[in-house]
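Those sequence lines, one after another, are chains A and B. So the first sequence is numbered by the numbering used here: it starts at 125 and just counts up by one. So the second sequence is numbered by the numbering used here: it starts at 226 and just counts up by one.
One should not assume that every hint holds.
[Unchecked claim] Lysine-lysine pairs mimicking DSS-like chemistry, simulated, CA-CA at most 25 Å apart: (1) A:K338 x B:K354; (2) B:K408 x B:K354; (3) B:K354 x B:K301; (4) A:K178 x B:K301; (5) B:K251 x B:K411; (6) B:K308 x B:K367.
[What the hints assert, rightly or not] Just some of the chain A residues that point at chain B, by a computed CB distance under 10 Å: (7) E246; (8) S250; (9) L332.
To be clear, the hints were calculated from the coordinates, so they are not data collected in a lab. It should be emphasised that the depicted structure is a prediction, and the values quoted were computed from it without experimental measurement. Ideal Cβ positions, reconstructed from N, Cα and C, are used throughout, including at glycine.
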Amino acid sequence: MDDRQIQIIKDTFWPLLEAGVIFTLPLTLITFALGLIIAVITALVRLSDWMVPKFIASFYVWVIRGTPLLVQLFIIFYGLPSAGIILSPYVSAVIGLSLSVGAYGSEIARAAVLSIQRGQWEAAYSLGMSRTQALRRIILPQAARVSVPPFGNSFIALVKDTSLVSVITFSEMFRKSQEYVALYYEPLILYSEAAVIYLAFSSVLSVLQHRLEKRLERFSAV
Amino acid sequence: MIEIRGLHKSFGSHEVLKGIDVSLPKGKVLVIIGPSGSGKSTLLRCFNLLEVPDRGSIKLGDHAFEFREGARISGKDIIALRKATGMVFQSLNLFPHMTALENVIEAQVTVQKRSKSEARARAKAQLEKVGLADKADSYPHKLSGGQQQRVAIARAMAVDPQVLLFDEPTSALDPELVGEVLKVMKQLAAEGMTMAIVTHEMKFAADVADHVLLMDDGRIIEQGSPQEVLHHPKTPRAVQFLNRLHGKSEE
Chain A
125 MDDRQIQIIK DTFWPLLEAG VIFTLPLTLI TFALGLIIAV ITALVRLSDW
175 MVPKFIASFY VWVIRGTPLL VQLFIIFYGL PSAGIILSPY VSAVIGLSLS
225 VGAYGSEIAR AAVLSIQRGQ WEAAYSLGMS RTQALRRIIL PQAARVSVPP
275 FGNSFIALVK DTSLVSVITF SEMFRKSQEY VALYYEPLIL YSEAAVIYLA
325 FSSVLSVLQH RLEKRLERFS AV
Chain B
226 MIEIRGLHKS FGSHEVLKGI DVSLPKGKVL VIIGPSGSGK STLLRCFNLL
276 EVPDRGSIKL GDHAFEFREG ARISGKDIIA LRKATGMVFQ SLNLFPHMTA
326 LENVIEAQVT VQKRSKSEAR ARAKAQLEKV GLADKADSYP HKLSGGQQQR
376 VAIARAMAVD PQVLLFDEPT SALDPELVGE VLKVMKQLAA EGMTMAIVTH
426 EMKFAADVAD HVLLMDDGRI IEQGSPQEVL HHPKTPRAVQ FLNRLHGKSE
476 E
């Protein structure tokens, strides 16, 4: 590695990290929060007896899981304007990513609710609780505990998936690194830099996930 | 207190209850025994409509239900009935994410809309009664099976049920833990609590029951005082079942 390359690293590392902290992380947090809400609602609808909403929820999960996220982002950002719907790169990114997190997450949430023993429902019912009360007070808190590891996985996957929105001109960290590559023509160094920062983000999040699991273990024998 | 008439229940093509009549007066203890698969648990679960019968009628205090094929029972009525009953399960079913005290508080606040402080005071009194005041802040997995079952009894009692239902409350426990649970149940019986109990503990049944039902294949084949049913059974099936329980050979 020569002096010029070292200088490039020095010049680009902080701006890249900055892009990561200002754009990638907030985008991850916002879309994950929205995705979680969509996931839980979709899961509850799919576990309910309402036929029409159930069909819509299943259809949504089927479509989102069955098509590439990249193609979905293209449709939202480049396709929808033809239908008169023009969205900013940021809004498009948030919609595309949240819908994706929501669809995959709904399967996690559904499995978590189904994993709670029937006896827990029966105990709640025997005390006079309605289905909603049983869900809110007894089932969901336990399901949340069960679903921390898989949701942790999708959270980390999401950090990395945010790089996809570079294709719809949203200048998050990866797009920033592409811009530097165009400027300095050092793809190996610059893309590796971006990779290192993604790795750092994921590692920190893994540690946080692990701590959350430990904390929740206090009321669980397993 | 409870009047059940002509109860039928099928799971698919398998008829589990084939016309059951039960009456349980206030303050009395009913014990239901019988071989596994005889329908005794299903019958008990009909008392609070965890299972909804296909035909027949149930009356519990002011709550009256008529069951017919195709007729829907309103969820509101079911909840009203359940508020008047408490249940203790074979599989314990404490809420694992709550301490013993929180388990006993929960329904008082969520269902009965009592204030937090009142619910807490009552929960403490109930735990005291089952001898677990010192375990109030323990999570269920830190408690033995017997202690968990006593918390479950306290939880069921905390909502002031008119009748307490026990579905094989000691069957999942280690033998040395059975006694402490039965002791609490005896104490409740002595206080005049109305109870319906499915159990295999014959000595307990003999001591506590006012009335014993012996079920076989979805029907009541013997009933009466513990003395009559446990010691002087009339039907061959009952004799066979009781002998097997006592480890005697079938002759």
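The hints, checked one at a time:
no.: 1; hint: A:K338 x B:K354; in the structure: 34 Å, violated
no.: 2; hint: B:K408 x B:K354; in the structure: 11 Å, holds
no.: 3; hint: B:K354 x B:K301; in the structure: 32 Å, violated
no.: 4; hint: A:K178 x B:K301; in the structure: 24 Å, holds
no.: 5; hint: B:K251 x B:K411; in the structure: 16 Å, holds
no.: 6; hint: B:K308 x B:K367; in the structure: 29 Å, violated
no.: 7; hint: E246; in the structure: 6 Å, holds
no.: 8; hint: S250; in the structure: 4 Å, holds
no.: 9; hint: L332; in the structure: 21 Å, violated
Hints 1, 3, 6 and 9, counting from the list given before, are not met by this structure.
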